[in-house]
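A.B. asks: Spelled out from the first residue to the last, the chains are:
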Amino acid sequence: MIFTKTTIDDSYWKVSIDNPPVNVFDPEFSVQLRSLIDELEENQNLKVVVFESANPEFYVAHAELVNIFEFPKGEGKTGLSKSWPDIAKRLEQAPFVSIASIRGRARGLGSEFIQAFDMRFASKEKAIFSQPEIGIGSFPGGGGLERLHLLTGKARALEIILSGDDFDAETAAAYGWINRAFADSELDAFVDNLARRIASFDLKIIQKIKAVMNERVVIPKNEHITETQIAFFASLTEPEARTRIKALLEKGLQTYGEVELNLGKYL
Amino acid sequence: MIFTKTTIDDSYWKVSIDNPPVNVFDPEFSVQLRSLIDELEENQNLKVVVFESANPEFYVAHAELVNIFEFPKGEGKTGLSKSWPDIAKRLEQAPFVSIASIRGRARGLGSEFIQAFDMRFASKEKAIFSQPEIGIGSFPGGGGLERLHLLTGKARALEIILSGDDFDAETAAAYGWINRAFADSELDAFVDNLARRIASFDLKIIQKIKAVMNERVVIPKNEHITETQIAFFASLTEPEARTRIKALLEKGLQTYGEVELNLGKYL
Amino acid sequence: MIFTKTTIDDSYWKVSIDNPPVNVFDPEFSVQLRSLIDELEENQNLKVVVFESANPEFYVAHAELVNIFEFPKGEGKTGLSKSWPDIAKRLEQAPFVSIASIRGRARGLGSEFIQAFDMRFASKEKAIFSQPEIGIGSFPGGGGLERLHLLTGKARALEIILSGDDFDAETAAAYGWINRAFADSELDAFVDNLARRIASFDLKIIQKIKAVMNERVVIPKNEHITETQIAFFASLTEPEARTRIKALLEKGLQTYGEVELNLGKYL
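Chains as they are written, first to last, in the numbering used here: chain P, 1 to 267; chain C, 1 to 267; chain R, 1 to 267.
Don't take every hint at face value.
Copies of one chain are not kept apart here, so a pair can be met inside one copy or by any two copies together.
As the list claims (entries may be wrong) - Think about it this way: if two alpha-carbon atoms lie no more than 25 Å apart in a straight line, the pair counts; the simulated DSS-like pairs of lysine-lysine are: (1) K82 / K14; (2) K221 / K82; (3) K154 / K221; (4) K126 / K14; (5) K208 / K246; (6) K265 / K204; (7) K246 / K154; (8) K204 / K246; (9) K82 / K251; (10) K265 / K251; (11) K77 / K221; (12) K221 / K208; (13) K14 / K265; (14) K5 / K77; (15) K124 / K251.
Keep in mind that the hints were calculated from the coordinates and are not lab data.
Generate coordinates for the entire structure from the input sequences, incorporating the hints supplied.
C.D. replies: As C-alpha cells, then:
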C-alpha cells in the first residue's frame, strides 16, 4: 500500500505516502492514488485531507522513467487522462480541501502533484523543489506548464523550468510555489491546527468557498493540459531524451543515493 | 462623526476612522462613508487621500452583525449595492489615489475595506488581518471572494478564507494582501512621504495612470460582486450562522475585549 | 560601441552595456540594440544571452530626454514601433533565453528594458529601480503600463508608478519586479551558473518551453503598447512636462552626479 490513511475523524483524514526507496510516482502510484481519490470523494462528510510523506527525504521524487509508458490509459471522469491529469482536476474541483505538508524532494511530477492541492506548506530544512524535465530532454507536461505560472508568474516559472535546478523552501515560498515555509519543528503543528480549524467549520460553506473561488480565478484548460501531456510523452521517444535518461539511470536515478538527493547538480 | 477629515492641503487629505469601541463597520459607518466619498469626488483638486484609524488596536473590526440587515438598500451610481460594493467600486475608479495606513485589526469587511484602496501599508507590530466569515457560517461576499485572490493568488486566498485565522502584517505583505509592512515607528513617515510625493505631481497624469491601469488589469465584475453579496446575506439567515453568531456575541463580540482582540482563536 | 559581445561559446553570449556617463537609452542605443537583436536572432545555435552593465552604478539610467523625438521611426517586424517596443516583443518571442544581471540604476525605460527579458537578477547593494516618469509630467508608455503589473500586481505597480520613487533590489524582489536579489559578491556566479545550465540543455526543448509559456500566460497586447507609447510622447509636449524636464536637466540630469544617483529625491 503506497497510501496509508489515518482517520482523525470523519471530516479530517491524513494520508501518508510511502513508495520506497524514493517515492517515485510510478504506474502503481497512479492506480492506488485513483482508488484513494474515489474513496475521498465518496466520503460525503470529508472536509479536509492532508498528504504527508513517510520518507522525510523524499515527498514524491518524480515520475518513474523506466515504465513511464505503462501508466493507466484512457480518460477519467473529467475528460483528462487517467494517468494523472484527471486526478489533479478532481482534487481542484473536490468538495473537500486538500493540503500538502511537504518534507523531502518534490521534483517533476512530484512538483506537479503538490500543485494540484488547494494549499502547500513545507519544511525549511527538508523540502526541495524542482522541475528537472529539461535535464532529460523534456519539459513539464500534462499540467506542469499550465499550473506553475499561475502560482509564481511567468518569469519565475521560466527560471524554474529552464534551469531544472533545485530550489529550497524559502525560495519556493518567496516565489509563491508554496503558501509558506516553516521551521521543520513547527510544520506539523501548523498544518494540523489549520486542518482542525477547517474541519470545525460548516461543510456547505467550505464547498461554497471552493466552488466560487474556482469560478473567479484562472484555472488551467483541459485542452492545454492534454496538449502538453501528449507532447511530453512524444519528447521521451526522441534520441536526446533517451540518451539523457539512460545516463541518469546508470548514475543511480530512482535508487537511494547522491543522484536522487542532489538531482539539480547531476542533470 | 465616524470620519474626521484633515486637510493637509487641497490635494492631500487624511481621514481618521473612529467608531468606538472597536471600529465596527455598521449601517451608520456605511452612510457616513458614502457622504465622505461624495465629498472626495467633488473636490476636483484632490490627488491623494490616506485613511487611518483613531484606534491603534482596531482599523475596521468587521461588519456589525446585530443590525446587519439595516445597511442602506438599493443601488448606487456604479450599479452596485449602496451598502458597500458601490463605495468600493467608486474608490477603484476614483480620479484620486487612495491609501490605507493600517494599525490594528482589519477583519472580514474590514479586510475588504482595505482591499478597495489603491495601496495598503501596515504596522508590523500592530496590524492583524483576517477573513473570519467562515467562523460565523458564512464567507466573504460582495467583493471578498472577488478581490483577495487578485492580490494573493488562489492558494493563499483559500488559506485565508478557509482558515478564518489571524495573519500578521509580515505574512500579509509576503502574500500580497498589503503592499508592504513597516516597523510601527516608520509607518507614518513612509505613508506621509508617499502621499506628499503623489500630491506634488500633475493631477491629469495621476488620473491617466489610474485609468489606464484599470483598463490593463483584471478588475472584479459587478455581477460577481452582487452574486456573492446576495449569497452572503442569505447564508446569515441559516441556523448554522445564527448559532455561531449568537455564541460569539455572548462571548463578547463587538465589545472591547479578548474575543475581538484574538478573534482567530475564538471562531 | 554601446554593446560589447563576449562569446562564451556558440550557445551562450554575454553582452555588456556601456554608454557613458550614465548609460542613458538614447536614439543611438536604440539603433545599436536593434542590430544586436538581429545578430542574436540570426545565431541559430544561441540558447542564452546575459545582459550586464559596464558601469556598476548605472544599468540603464532612463530614456535620453533632449533628443527623445529622434528615436527611430516606423514599425519593426512585430508591427510595433522600432524605437523600443518592437525590440521588447522580439526578446519576449525570441527562440533564445534572455537574462538581465543588474547592478546600478534601472529607471524609466531602463526598468522597461529589464522587464522585456525572460528573467531578472540583481545586486542587493548596487541595483536601484524606479519608474520616474510621473516626475517629468508623464507616465510609462510603450510597455511600461502593460508589463509591470504582470510582474508585481496592480497595487504595487500603482505604488511604483505613482510615487516615481527609488526601490532597492530586495523590495523589487519582494514585489516580483525581479526574480531574486543576491549579495553583490554572489550575483555573477549565480547568473553564470544559470546560463551555463541552460546552455547545456537541448535547444529544441528550450524553444518549446518558451513558446508554450507565451501561449499560456497573459502577454501585453500590441495595441495597448502602441496606445500608451503615443500618449507618452504626446505628454512630453505639454507645458507641465517641458517645465519639469528643463528643471531636472538644469540640476544635472543625464550627467554623472547627485541627480542621477538619487533621482527619486529630486523629482
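A.B. asks: Evaluate K126 and K14 at a C-alpha cut-off of 25 Å and name the case that applies: within, between, both or neither.
C.D. replies: within (20 Å within a copy, 36 Å between copies)
A.B. asks: Pop the pair K265 and K251 into one bin, within, between, both or neither, using alpha-carbon distances up to 25 Å.
C.D. replies: Within one copy only: 12 Å inside a chain, 51 Å across chains, cut-off 25 Å.
A.B. asks: At most 25 Å between C-alpha atoms: does K208 with K246 qualify within a copy, between copies, both, or neither?
C.D. replies: So K208 and K246 pass the 25 Å test across copies only (22 Å; inside, 48 Å).
A.B. asks: Within a copy, between copies, both or neither: where do K77 and K221 come within 25 Å Cα-Cα?
C.D. replies: Answer is within; shortest intra-copy Cα gap is 15 Å, inter-copy 31 Å.
A.B. asks: Could you figure out if K14 and K265 sit no more than 25 Å apart (CA to CA) within one copy, between two copies, both or neither?
C.D. replies: Between copies only: 23 Å across chains, 33 Å inside a chain, cut-off 25 Å.
A.B. asks: Are the CA atoms of K221 and K208 at most 25 Å apart within a copy, between copies, both, or neither?
C.D. replies: Both: 22 Å inside a copy, 19 Å across copies.
A.B. asks: Should K5 paired with K77 be assigned to within, between, both, or neither, using CA atoms and 25 Å as the limit?
C.D. replies: within (24 Å within a copy, 54 Å between copies)
A.B. asks: Measure nothing new, just compare the shortest in-copy and cross-copy C-alpha distances for K265 and K204 to 25 Å and report within, between, both or neither.
C.D. replies: between (47 Å within a copy, 22 Å between copies)
A.B. asks: Checking an output row: K82 and K14, CA cutoff 25 Å. Within, between, both or neither?
C.D. replies: Only inside one copy: K82 and K14 sit 23 Å apart there, 45 Å across copies, limit 25 Å.
A.B. asks: Treating 25 Å as the Cα threshold, decide for K221 and K82: within, between, both or neither.
C.D. replies: Within. Shortest intra-copy distance 16 Å satisfies the 25 Å Cα cut-off; inter-copy 35 Å does not.
A.B. asks: At 25 Å max between alpha carbons, let me know whether K82 reaches K251 within a copy, between copies, both or neither.
C.D. replies: For K82 and K251, the Cα distance exceeds 25 Å both inside one copy (31 Å) and across copies (50 Å).
A.B. asks: State whether the alpha carbon distance between K154 and K221 is at most 25 Å within one copy, between copies, both, or neither.
C.D. replies: For K154 and K221, both the intra-copy (17 Å) and inter-copy (16 Å) Cα distances are at most 25 Å.
Going through the hint list in order, the structure does not satisfy hints 7, 9, 15.
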